[in-house]
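Chains U and L supply the protein sequences, listed in that same order.
The opening position of the first sequence corresponds to residue 1 in the numbering used here, with each subsequent residue numbered one higher.
The opening position of the second sequence corresponds to residue 1 in the numbering used here, with each subsequent residue numbered one higher.
Among these hints, one or two may not hold up.
Which stretches of chain L does chain U cover? Using the computed rule of at least three CB atoms under 8 angstroms from a CB of chain U, they are [as the list claims (entries may be wrong)]: (1) 120-130; (2) 141-150; (3) 350-361.
The calculated DMTMM-like cross-link candidates involving lysine to aspartate or glutamate, where the alpha carbons are at most 25 angstroms apart (straight line), are [what the hints assert, rightly or not]: (4) L:K3 with U:D282; (5) L:K3 with L:E91; (6) L:K34 with U:E183; (7) U:K3 with L:E326; (8) U:K47 with U:E183.
The calculated label-pair distances, taken between Cβ atoms and stated as ranges, are [as the list claims (entries may be wrong)]: (9) U:R33 with L:K336: 30 to 38 angstroms; (10) U:P262 with L:T11: 28 to 36 angstroms; (11) U:E249 with L:D25: 15 to 23 angstroms.
Don't read these hints as lab results, they were simulated from the structure.
Here a beta-carbon is modelled for each residue, glycine too, at the ideal position from N, C-alpha and C.
Number of protein chains: 2
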Amino acid sequence: MVKVGILGVGTVGESVAKILLENADIIEARAGRKIVPVLGVVRDLSKKRNVDIPLTDDPMALIESAEVDIVVELMGGVEEPYRLVRKALKEKKPVVTANKALLAYHRYELQEIAGETPLFYEASVAGGIPIIGALRNGLSANHIESIKGIMNGTCNYMLTKMIREGVEYERVLREAQELGYAEADPTFDVGGYDAAHKLLILGSIAYGIDAKPEDIIIEGIENISPTDVEFAREFGYEIKLLGIAKKVEEGVEMRVHATMIPAESMIAKVDGVMNAVSVVGDRVGETMFYGPGAGGDATASAVIADIVEIVRGNSGPMLGYKKGLESGLHLVPPSKIRSQYYLKLKVIDRPGVLAAVTSTLGEHGISVESMLQKPSRLADRVRLLFTTHRCRESEMKGAIEALKRLDVVDDSVTMIRIEK
Amino acid sequence: MVKVGILGVGTVGESVAKILLENADIIEARAGRKIVPVLGVVRDLSKKRNVDIPLTDDPMALIESAEVDIVVELMGGVEEPYRLVRKALKEKKPVVTANKALLAYHRYELQEIAGETPLFYEASVAGGIPIIGALRNGLSANHIESIKGIMNGTCNYMLTKMIREGVEYERVLREAQELGYAEADPTFDVGGYDAAHKLLILGSIAYGIDAKPEDIIIEGIENISPTDVEFAREFGYEIKLLGIAKKVEEGVEMRVHATMIPAESMIAKVDGVMNAVSVVGDRVGETMFYGPGAGGDATASAVIADIVEIVRGNSGPMLGYKKGLESGLHLVPPSKIRSQYYLKLKVIDRPGVLAAVTSTLGEHGISVESMLQKPSRLADRVRLLFTTHRCRESEMKGAIEALKRLDVVDDSVTMIRIEK
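Using the sequences plus the hints, can you model the full thing?
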């Protein structure tokens, strides 16, 4: 019998305990041994929980208990779980965590501390989708060319609504909050930070890149409007919040932002709260992994899969490799990434304005791929919509600043990157 | 250094050797040890191969060679590889196979013989997609509710062409043969047998069902016409060749056939030669795994992933569990499966015919969900198209026989199962 202790018995923790009990038969058949939740840690012992295991408010007691063989960390936060996971690993207790923030900041230190002790984290990226296993094991023969993931269900739900129903961002957000898909303070989701944590984890497994959230471009979906969605459609694109990691000549680009992607690509067809990660390997070509990215039971499914792997005696190094993965691969600094761009400007409707705008773009080394002029709601204004050929992020940023300084251009310029 | 011997150096074998050499850096980083192809077996030593390893025509010599640590079986066929894989396992040499036919017939004997020696087979189902790993490891917390897979690229390519371009089966088949997507004798692919072998393997991992190809319904796409495709579209369905394994009240249904599925489902969106497997778990909900189902490099990617797992020291029981998986689960006999059906009949265009047809359906316990009458190319004939509510396969088979006996009904009745 293998005894599991759970640090943090919230929604996911309750599901882990419940599934271990309710699906005990099949889990034992697959793991080869009975797996039992024996203890949970909560902050507030007086609160009622839907789970039938002993509870304590002392995490150290759980970690040190001779009754606990495997420690499951589901607390959230960074420094407190870091301290506790380190402690468990030092006690040579295998750890399973769903904590993406912890890993976004401390995965390399943890791999070092873990050594031969298993530290698994399937649930930290894309909930119930076994994407870590796929990348760490299933695609191990490949140099990874790119990863493109829809890894935040809140954003995908909101964008799907905006695409299908032409609804404004503010209204969709309110609806998502009412349905419980978005938090009261939605910044972590709609600002792209949640997706960024997940992307950093995948970027380590694929490329061995030791980056922190502050090292990469992180943008959200707050500035996307129905106009953008509509224009994207006209040109055969859908807009998705993507986490992108890809190998380019200069190294590895990693970034999270609203992205226009061809409507016929598989990942563009992923709607609603679902997640999906597309991985291109140099030998396998494109694969995609689809499923629920959140929810207590779906996340617990991934947590328990890790526990079963540990019980089976499987491990391998935490991030999937022991030493440098690909020599000389470095993160490309945000200013140096290259992309195609979509630009939306509101300008004064008079002769010479288009010339002023396009020559400003040209001066910054940006060449236009397609252009569309549309009426604005204001009588004396028109909308100019561009897609550009590939250029550097720094050139685009410079061009946008220069455009804003033109007195014929209104202040708000929308920029969305295009990914083919 | 780990030394790999390859039984069968055809397209996939060449790719395995080539990728082990060309991606040696990343594979070593991930496996923790260098992996080298040292010997290959071919039938005809005089034929030129695109691979730089020593070759022999003596498979036993490879298996017994002290130079070979891991045996990769890529020969095709059933009894000859069965003999050789048994021999390798008896020598305690880990085996990796891509041979679905071998596993469709002998997987349970092989699991028994393998014991603690690893026997991996990721490449046997859906080529480069790591679906075996997902099902065996990633979803191990779940009772599996259903598996629905597009597991034959030839059929999916042909159906996609028929759907998009309204082309007749015969012409699409000819095109597929010219492009190399279909064999000169296409029966194994278009008749559903290839998909059936793969389904049986997944059915064992998910449900522990020990079935052989002859125990399940295997139908192909030979009778699908542009009319069927068009009718399906009108009612919001796409037609795909699916391998289906699902838990129902009476046990587990397993079957391969052309299937009408809702156009908005993710798996309906999988086009061309690509494969995808949708798995619904009782806890995780729906997940889907998408990618290339064939091709030398894609298949080799899966073979090498298995080799890396073995080198990392991971194993677990071959089919993912040690003893009975779910007690009391049995294969539902083909005649007892339940489904909704689509029926297409050509009938004589005169009063009373519709009444005769519908009362025959009623007598066999079949109730109609929707009906459409369409003109036929023959002046005195019309087409009747039905979808039915759920009924037993045996009832439907009886009804079709009775319909054919009506003298107002032409002999060819098309039946396609509907899966929601």
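Check: Which hint numbers doesn't this structure obey?
Finding: Per hint list: 3 and 6 violated.
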